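S.K.: Please work from the sequences and hints to get the whole structure.
Protein chains: 2
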Amino acid sequence: LKRFNRIAIIGVGLIGGSLGLAIRKKGLAKEVVGVCRTKRSLQLAKKMKAIDRGTLSASHAVQGADLVILATPIRTISQLTRTLSDTFQPGAIITDVASTKADLVRAVEKFLPKHVTFVGSHPMAGREVGGVSYATPTLFEGHVCFMTPHKKTSQSAFKRLRQFWRMLGSKVTVVSPQRHDQLTASFSHLPHLVAALLVLHGEKIELSGTGFRDMTRIASSDPRLWQDVVESNQKEILKSLSRFQKRLNHMAKLLKKRKMQAIQHTLRKAKERRRRLVK
Amino acid sequence: LKRFNRIAIIGVGLIGGSLGLAIRKKGLAKEVVGVCRTKRSLQLAKKMKAIDRGTLSASHAVQGADLVILATPIRTISQLTRTLSDTFQPGAIITDVASTKADLVRAVEKFLPKHVTFVGSHPMAGREVGGVSYATPTLFEGHVCFMTPHKKTSQSAFKRLRQFWRMLGSKVTVVSPQRHDQLTASFSHLPHLVAALLVLHGEKIELSGTGFRDMTRIASSDPRLWQDVVESNQKEILKSLSRFQKRLNHMAKLLKKRKMQAIQHTLRKAKERRRRLVK
Numbered sequence: 711l712k713r714f715n716r717i718a719i720i721g722v723g724l725i726g727g728s729l730g731l732a733i734r735k736k737g738l739a740k741e742v743v744g745v746c747r748t749k750r751s752l753q754l755a756k757k758m759k760a761i762d763r764g765t766l767s768a769s770h771a772v773q774g775a776d777l778v779i780l781a782t783p784i785r786t787i788s789q790l791t792r793t794l795s796d797t798f799q800p801g802a803i804i805t806d807v808a809s810t811k812a813d814l815v816r817a818v819e820k821f822l823p824k825h826v827t828f829v830g831s832h833p834m835a836g837r838e839v840g841g842v843s844y845a846t847p848t849l850f851e852g853h854v855c856f857m858t859p860h861k862k863t864s865q866s867a868f869k870r871l872r873q874f875w876r877m878l879g880s881k882v883t884v885v886s887p888q889r890h891d892q893l894t895a896s897f898s899h900l901p902h903l904v905a906a907l908l909v910l911h912g913e914k915i916e917l918s919g920t921g922f923r924d925m926t927r928i929a930s931s932d933p934r935l936w937q938d939v940v941e942s943n944q945k946e947i948l949k950s951l952s953r954f955q956k957r958l959n960h961m962a963k964l965l966k967k968r969k970m971q972a973i974q975h976t977l978r979k980a981k982e983r984r985r986r987l988v989k
Numbered sequence: 711l712k713r714f715n716r717i718a719i720i721g722v723g724l725i726g727g728s729l730g731l732a733i734r735k736k737g738l739a740k741e742v743v744g745v746c747r748t749k750r751s752l753q754l755a756k757k758m759k760a761i762d763r764g765t766l767s768a769s770h771a772v773q774g775a776d777l778v779i780l781a782t783p784i785r786t787i788s789q790l791t792r793t794l795s796d797t798f799q800p801g802a803i804i805t806d807v808a809s810t811k812a813d814l815v816r817a818v819e820k821f822l823p824k825h826v827t828f829v830g831s832h833p834m835a836g837r838e839v840g841g842v843s844y845a846t847p848t849l850f851e852g853h854v855c856f857m858t859p860h861k862k863t864s865q866s867a868f869k870r871l872r873q874f875w876r877m878l879g880s881k882v883t884v885v886s887p888q889r890h891d892q893l894t895a896s897f898s899h900l901p902h903l904v905a906a907l908l909v910l911h912g913e914k915i916e917l918s919g920t921g922f923r924d925m926t927r928i929a930s931s932d933p934r935l936w937q938d939v940v941e942s943n944q945k946e947i948l949k950s951l952s953r954f955q956k957r958l959n960h961m962a963k964l965l966k967k968r969k970m971q972a973i974q975h976t977l978r979k980a981k982e983r984r985r986r987l988v989k
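Protein sequence lines, in the order shown, are assigned to chains B and U. Counting the first sequence from 1 gives a position; this note's numbering is that position plus 710. Counting the second sequence from 1 gives a position; this note's numbering is that position plus 710.
One thing to keep in mind: the hints can contain errors.
In this list, chains with the same sequence are indistinguishable; a pair is considered to hold if it fits within one copy or across any two.
[Stated by the list, open to error] List time: in silico BS3-like cross-link candidates among lysine-lysine, alpha-carbon distance up to 30 Å:
(1) K881 / K914
(2) K820 / K949
(3) K969 / K945
(4) K966 / K820
The hints are simulated quantities; they were obtained by calculation from the structure and are not laboratory data. Since this is a predicted model, take the numbers as computed values, not measurements.
M.R.: Right, dumping it as structure tokens:
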């Protein structure tokens, strides 16, 4: 990988901070500049050595940056792109780490100048906790990172960014923005809503076992961040939910009619299919 | 705790084996006799020191036992009780570790002689893997163990068994067999079905992140064991499922109408409620 001169990370939270740590550890840039919302988190990010230099001003940070990583909550990204559009260095690669892509790519492309190139990224690495204090340089290792190049993405920028993610230990998977949103609706966004509903559904959940605990861990995530995810992928999540409802309706029928063999068959298929998750 | 003379564990799998290890480690019995289905697992159980003595005959094992723990799959328990009914030592305490209780207690009581007493137990400790090779003496530590005394349970037997579970590190919770089945339907059995359906629902799940992995881990459990659980608690699971469907239907409406504030409110309530699970 050709080393970046300056990488600007806008939003040094769990993901942004882990990126900074990993970039610095692997020497992927001469300098990492971080943007935080508060002086306190800037200081923490610097103390943790997640960034070389910090600022509260995104415009300031992107000056001279040949890679800009937008690691803020989804809803702020398009506005941020608009604000920064005159400041990006010609030839800069712009990416993000947001959980949804189709709407985002459309919005970002509206504001981007022609002399930069955007390609969406979504590292499938996160936790139910947030903030730079939880950041770790190994966050991405062994995990999938989606990349969603679209027709305006330059091939050279895509290749360089792909190499960047690979250097961080990610398994890069390339899909279209639309397909990304379908997939993540089915195995991330819908399950997230289901986990929240299970927590509200369970009686006396303090008596439950580790299965329930593990199953609902993601329901402890930040509700505002997830509201954004749900809002920006509403259509696909709704489609996914409606398919899932059909599965539940079918299960209810099997249960009602005591079709135990069919239920066992379903459990067996699920166990079999889940082997795909075991590396 | 007054030490037991001989504890018979019928079924030395993950739970039975862990019981044996814990009982021997804590010295809760002079002798632990284990019953396995195969000579191979008997040998393994002895090699692991989960039992002092092993046999393939349950009748043989319960002779002289003042505590009998039925740790076989649910469907075999009532038949087993019937078979052993003439062999139990007078005054023996009989318990089980099954995941459902109401039907089981009824069935067991039909066959039990008057000179023994039964009280149901359900340690909320388990894993998605089975077999004695995964057994560990700490399996019960810090976990809830339900006890479901019913009108025929003698108070002294109940108290002695409660002390036994506490010695193993369990947090004993006393509920009626019926209430047990309602609670576990809501936070264990229904979520189990949901996890299986999520695995079948997700597209390209091999690309998913740790959230989905954790959420569906229980879908790797033994389908036959879970068929038994579902069958023996069919009514409560069906009621629970029907309530859960209403929650999903409501969520679908909120999504369709883009009621993002209401969705955030739901996520927030779930996050708040899940704090109960954090010790």
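S.K.: Confirm or reject each hint.
M.R.: Hint check:
no., hint, verdict
1, K881 / K914, "between (40 Å within a copy, 14 Å between copies)"
2, K820 / K949, "within (27 Å within a copy, 50 Å between copies)"
3, K969 / K945, "between (34 Å within a copy, 13 Å between copies)"
4, K966 / K820, "between (52 Å within a copy, 27 Å between copies)"
This entry satisfies every hint, going by the numbered hints stated previously.
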